[in-house]
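**Student:** Residue numbers (our numbering), protein chains in the order written: chain A, 1 to 284; chain B, 1 to 266.
No lab work stands behind these hints: they were computed from the structure.
As the structure is a prediction and not an experimental result, all values here were calculated from the model.
Take these hints with a grain of salt, some might be off.
To be verified - Here are the computed lysine-lysine pairs in the DSSO-like style, where the Cα-Cα straight-line distance is at most 27 angstroms:
| # | chain 1 | residue 1 | chain 2 | residue 2 |
| --- | --- | --- | --- | --- |
| 1 | A | K7 | B | K94 |
| 2 | A | K99 | B | K261 |
| 3 | B | K94 | B | K163 |
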Amino acid sequence: MIKSFKKRIGALVTVGPTVLWLGFFLMIPLIYVIGMSFLTKNAYGGVDFKLTFSNYAALFSSEYVKVFADSLWLSLETTVICLIVGYPFAYIIANAPKKWKPALVLLLMLPFWTNSLIRTYGWNTLLRTEGIINHFLQWIGLTDKPLEMLYTDGAVLLGMVYALLPFTVLPLHTSIEKLDKSLLEAASDLGASRVHTFTRVILPLTMPGIFAGSIQTFIPSLGFFFISDMMGGAKTMYIGNLIKNQFLSARNWPLGAVLSIVLIVITLILMRLYTRVGSLEDMA
Amino acid sequence: MEKRRKVREFKPGSVFYACLVYLFLYLPIFVVIAFSFNTSEMNITFEGFTVEWYGRMFENRQLMQSFVNTIIVAVASTALSVIIGTLCALGLYKFEFKLKSMISSSLYIPIVIPELVFAIALLIFFSSIHVSMSMVTLVIAHVTFSMPFVVITVRARLAGFDKSIEEAARDLGANELRTFFRVTLPMISPGVISGGMLALTMSLDDVVVSFFTAGPESQTLPLKILGMVRKGVSPDVNALSTLMILGTIVILLTATLIQGKLEKKM
Numbered sequence: 001m002i003k004s005f006k007k008r009i010g011a012l013v014t015v016g017p018t019v020l021w022l023g024f025f026l027m028i029p030l031i032y033v034i035g036m037s038f039l040t041k042n043a044y045g046g047v048d049f050k051l052t053f054s055n056y057a058a059l060f061s062s063e064y065v066k067v068f069a070d071s072l073w074l075s076l077e078t079t080v081i082c083l084i085v086g087y088p089f090a091y092i093i094a095n096a097p098k099k100w101k102p103a104l105v106l107l108l109m110l111p112f113w114t115n116s117l118i119r120t121y122g123w124n125t126l127l128r129t130e131g132i133i134n135h136f137l138q139w140i141g142l143t144d145k146p147l148e149m150l151y152t153d154g155a156v157l158l159g160m161v162y163a164l165l166p167f168t169v170l171p172l173h174t175s176i177e178k179l180d181k182s183l184l185e186a187a188s189d190l191g192a193s194r195v196h197t198f199t200r201v202i203l204p205l206t207m208p209g210i211f212a213g214s215i216q217t218f219i220p221s222l223g224f225f226f227i228s229d230m231m232g233g234a235k236t237m238y239i240g241n242l243i244k245n246q247f248l249s250a251r252n253w254p255l256g257a258v259l260s261i262v263l264i265v266i267t268l269i270l271m272r273l274y275t276r277v278g279s280l281e282d283m284a
Numbered sequence: 001m002e003k004r005r006k007v008r009e010f011k012p013g014s015v016f017y018a019c020l021v022y023l024f025l026y027l028p029i030f031v032v033i034a035f036s037f038n039t040s041e042m043n044i045t046f047e048g049f050t051v052e053w054y055g056r057m058f059e060n061r062q063l064m065q066s067f068v069n070t071i072i073v074a075v076a077s078t079a080l081s082v083i084i085g086t087l088c089a090l091g092l093y094k095f096e097f098k099l100k101s102m103i104s105s106s107l108y109i110p111i112v113i114p115e116l117v118f119a120i121a122l123l124i125f126f127s128s129i130h131v132s133m134s135m136v137t138l139v140i141a142h143v144t145f146s147m148p149f150v151v152i153t154v155r156a157r158l159a160g161f162d163k164s165i166e167e168a169a170r171d172l173g174a175n176e177l178r179t180f181f182r183v184t185l186p187m188i189s190p191g192v193i194s195g196g197m198l199a200l201t202m203s204l205d206d207v208v209v210s211f212f213t214a215g216p217e218s219q220t221l222p223l224k225i226l227g228m229v230r231k232g233v234s235p236d237v238n239a240l241s242t243l244m245i246l247g248t249i250v251i252l253l254t255a256t257l258i259q260g261k262l263e264k265k266m
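Isolated chain B (complex conformation) (with noise of 0.2 angstroms):
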């Protein structure tokens, strides 16, 4: 019965299904990457193989600001939201007061409206009060749509958290910030992990919410490429998306190797 079943599950037909749709997902990747490689000028056709636009896109001056500003604003939205977001898990973990699920449900509101209506709220909101848009509102609405799934991610970590531990470390003298160092953190450091990768990926991925509150000069590369779009990308944007691309994968695999075996220690 098991051996069918088994053979059942690995039919030819699944198996090309299957890679029909993971060639879907990735054929525009290997598209951006492939002509990154291309000699010619144009992005139509493959003429030959070089490294060319990986030197050039060094040289084009805004091209290179945007993608420092989209790491710029990942790096500081993701370390904000993963400490602020820690806090509030621990807190709502630790602590029972008023308002308490009030608050709780309110985290899922980011997740839930459409992030086109928050991007101009956003946008309302500065104008209103006369700030005009930056790094600094750039990385604001970062936090705030990528900080609740931190919270969320944290806390499900802290539901199945042991609570005598912390009591044992406590009664072996260990005094509160020891217990958070020594203790707490470590047991929860997964879940703080992938609330991180969670938040970095979302801020990488964004275009919605950076369209509407980066400034002129704030500019990510991916809004920098939606303005290139119809007249005509040049080579060396597929250089840097390229680079972009492997670097994002290159990150993520790491926290998720690091990330599993530290689960695995718990």
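Next comes chain A alone, as it looks inside the complex (with noise of 0.2 angstroms):
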């Protein structure tokens, strides 16, 4: 009796910060959101307490479907090209001699540390029409006039790629380090050439970490609102700065709401994909 008295209490000691902090400020605050999504914006920027679907109908105009569509298409571009140049890169390191590899994959891990804004603003240095690019390509005689890379929607997709490159790489390095070698030796002996062991042996064995990378790609690229701030010429428009502008200039929160809605909704729809053929703990 005083056993299970003792060990309730240490549960509750152990486990109910934790669990009030996430209801406190996760759960509840998820809760408002959805709320928020079923109010009226009134003329002033506020709320009023009044219900209505018409901020969900409003998803549907061909403006935001528009947005929609641009920003799951960057989000796919992103991914795809993290995918083709992540994969022979975490390969390499992989496989690459046992003494080299720690530095190797610190050497990845280095850049991660550091703010991802403050090195998007590095690439918003180089890639100026003023800036050391041009330069450089002016000199080697490449163009006579300065290229204009800085403010396009290219320069969104480089940043992009740039700031979500380790994060398709991590897994992708944990899944091929995995990968059993004697079975590549069975079917090279096999007689198996070096593409067909490629697409029937390693490609096959290494899809959960192309999934896990792809999903750590996608997901977190429909939010970073900051880099097609800092890198885009504001001609597309983007979810994420779509979702930021209904809270700063347009003051539109219950329609902000409702965007934020169907980002989690993509969410889970990605994750039940994923946790098909993956779980979850193969994503922390």
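Both chains come to you apart, so use the hints to assemble them.
**Tutor:** Shown next, in the form of structure tokens:
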């Protein structure tokens, strides 16, 4: 009796703070978002407590459908490029000589440790019309007048790929490292060509890593509004910027809440797809 | 066979490709560092070497304040995350109770939901209960997204923990508190350190959540830079960013080394 009481106190003291914290600062705020999505925006940039579904109906206007399409497309492009660039890179690191490997992984982590906005700002400096890359291109005579690189859609894509590449490479690396080398030898002993070994053995076995890497790239890419802010020309609107604007300049909080819910729904669908192939633990 | 394989792994093509990717990853960092030593006031071309900006940055009070804020938030949120998160991991490991599986799976919610949504949720929540944004809300926000990572890392460490050592300590007459500080804590410390490192990195790296949960008086350095970028950034920002980059790297490298040492000792 005393023992079970003691255990209960123990559980309460240890796990209780986390439960309270996440309840207060995560669960309740998320419920507020859902609540906010049904309220009515008033003329002063605040909200009236009148229930409405019109915020949800607004989603189907062609303007917002285009934003969703553009954002999903950008995230898809980002993910695919990260996979194409990251897979061989992860493969090289995973197969590097043992004594080099820790250093190579550390070198991959280092940029990851420094603030992503500061790094994006570095790109902003590089790509400017009067910036280093343009100077270099003119100096080697590739162009005679500076190229417009910053504030284009291409620059946004570059910024996204840059910020998210480590998110793709790390799960890929883990997955490739787990690969049983004897299977590759078996494949080549049985006469499989290198292309064949790759498509029939390596690729299927590292699928969990490819999925984990894609999810970890795709989901955050939807919310990185500061990259399109710093690199983009405001010609294309993305969902992250649209949401941000509802809370700052446009002051339409209910619409912002609805857009956030859309983002959650997209995430849940992707997670659902993912948990069919891998496990949540692979992500952390 | 072994030999041939090794040669193949270190093909010049692979080395070249890896170098290219590393160059891509480090290029913008080098630019920020290089420009912090630039004599030109404009952030455009490199004109000459100077360390002037490292002195001048102290005169820029707003900039220094944002830097100090960044550090305070990172340290406070890491400390809180580590304490609350480690307690939770220990509790989940030691006790059986109702809703345990629900609690452990809800830890993945902040990891999975887009940080923008989480930021918006806190913004709506705080303004609905009339709490204005400050250092406190910023720390709360950072703890919320980093603490689950601490719980998960420490739990992973505990999963390989030999319970009989704890029992032995108790049998030898150590009380519960003593057992915890002399046996349990040293055993899980590599997990606690890597959890803390994760929390620290996430706090220092965060832009999206801070953007919505910081008040005008609690801007962090990245937010300050974001505000300046369109109008042009002064070189003292490069100097301060360089310090932040190098500082983070030094701290985390040290932590990694300590962690490696601890793991070896176990």
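**Student:** Each of the hints needs a verdict: does it hold here or not?
**Tutor:** Status of each hint after checking the structure:
With a C-alpha separation of about 9 angstroms, the suggested pairing of K7/A with K94/B holds against the 27 angstroms cut-off. Taking the CA atoms of K99/A and K261/B, the gap is about 18 angstroms. The hint holds against a cut of 27 angstroms. Among the hinted pairs, K94/B with K163/B is consistent with the structure: their alpha-carbon atoms are about 10 angstroms apart, no more than 27 angstroms.
In summary, the structure agrees with every hint in the numbered list given earlier.
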